[in-house]
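*Asks:* Please model the complete structure; the sequences and the hints are all you need to start from.
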Amino acid sequence: MGDSAGRGNGMTTVAGAALGDDERAHSPLPPAAVALAGSALLGARTDRYSIDALRYDEPEAWRSWRSYDYGGVPNATSWWINSIGEITQQTVVAPKMARSAARTPVRGYPPVSNKADAASTLNRHHETVVAPKVARGAAKNPVRGYPPVSNKADAASAPSRQYSAQAVAVMFAGDWGQANFSLGRRRRWAKLRGYRILARGYHRRPSPTARIYSRLGLIVQLSHSPQSLTAVAAFLAGREREAVHHEWRTHLSALTDQGLSSRDQTRAALGFLWAALRYRLRDAGNLACGPVDALLRSRTLSNLLVLIPTLMAALYILRHLGTLGVLTSAEGISVIGGTLYALVRAGRWWRNVKPPEPKARRVKEQ
Amino acid sequence: MSATKIRLTAVIMDVLDVITSSPPDDPAWGLRLCEQTGYGTGTIYPALDRMLHAHWIEDRWEDPPPADRPQRRYYTVTGEGRAVYQEAIAARSARRMAWATLRAGGTA
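Protein sequences appear in the order of chains A and B. The first sequence begins at 57 in our numbering and counts up one residue at a time. The second sequence begins at -9 in our numbering and counts up one residue at a time.
FYI, nobody ran anything at the bench for these hints, they're computed from the structure. Here a beta-carbon is modelled for each residue, glycine too, at the ideal position from N, C-alpha and C. Just so you know, nobody snuck in bad clues.
With the Cβ distance kept under 7 Å, some of the chain B side facing chain A (calculated, not the full set):
1) 30
2) 31
3) 32
4) 35
5) 36
6) 60
7) 63
Result set (DMTMM-like, lysine to aspartate or glutamate): computed pairs, CA atoms no more than 25 Å apart in a straight line:
8) 410/A <-> 77/B
9) 410/A <-> 339/A
10) 410/A <-> 39/B
11) 410/A <-> 70/B
12) 410/A <-> 349/A
*Replies:* The structure is reproduced here in structure tokens:
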């Protein structure tokens, strides 16, 4: 435990060697198989956990789930597949809650350390977990061969409330990927690339809302942070637009890189929400316009739409006023027909549909 | 997925302006489109979505993923989109020319 983490001066080192490109290239399993293995493993747990990360398509996406699915035991567990195809798991406990968690170990998971706040390493597959307290030190002393640690990890993972403890931080796995993940109860997001970030906000007991969210698959708790708004917007956009979630997070991340304020990011996130609503409105509109489009696209149906009300009006007048009445009301009847015809044409223009061209009359050969 | 037809609004034209003028080695992506067109995210992304559905543009993820930032989703214009765009540009210039001629004739 902690054998690979330097302490005392706040500096973190990693004993586990990262896998090089050559090793990655000679991975014993193809990416699809790796993804399949991961999915199977995760699938076995789906009855118990809501796995939001399954929405990610990338085979290298790491998988994780929320801590409150453990019935309140404060920890963060992730499964992922490393670059040589091994499935690895990691459980980290929030520093403040470590003692209580140690008393209540999660069955089937590696024993948790009650010194997680210093640094914890399971050291099974060369992963090192750096606790928030040393994140800053790690940022100042980047580990050779790894991307620099963002010093925002420390701020992002700082406990925000009394009952919100954050385990965790950065895991140097030496293989793929970047991850933006929420840290803490308020779902702040840390942007740390090249690392696995395991972080959770924990409640002493899972709140009813958290349970509902978990069951619905809406893992994100509503809050005012741009990242949470973005996650909600992505949820609203629907599963068929999964890509926008990553895209929008990239957008927000770039705003952060540009040094824009939180207000600007919130404005962008509100834009994402508006975009998601527009997506949905357009989808609903397209769904509702299906029959209308069919009517406008069909020459027969369009003609019937014009002719039937016009003829009914003419018949009504004929019945009550006779032929003379029809003649005297011809102007009104033609207005009805003309209006309906104009509506059909306007609808075709608006919906950008055209009826099929009438078949050319066959010219009989002489 | 069948291509849907969309209208050439000012937003669509502005977005197409930026996408077509982006060099192939540095294609347009969401934030840049917002910055260069001046529209907000709530306008740009639905427009991109419409154009994607109309097959006027196509998207791809940055490959290989950079180590120091998240992958970007790049947009490039398709042949159909370019044809529509050029047609619209031609129509716009014709309109402007006609308007200029009209104005010149009116003031003369």
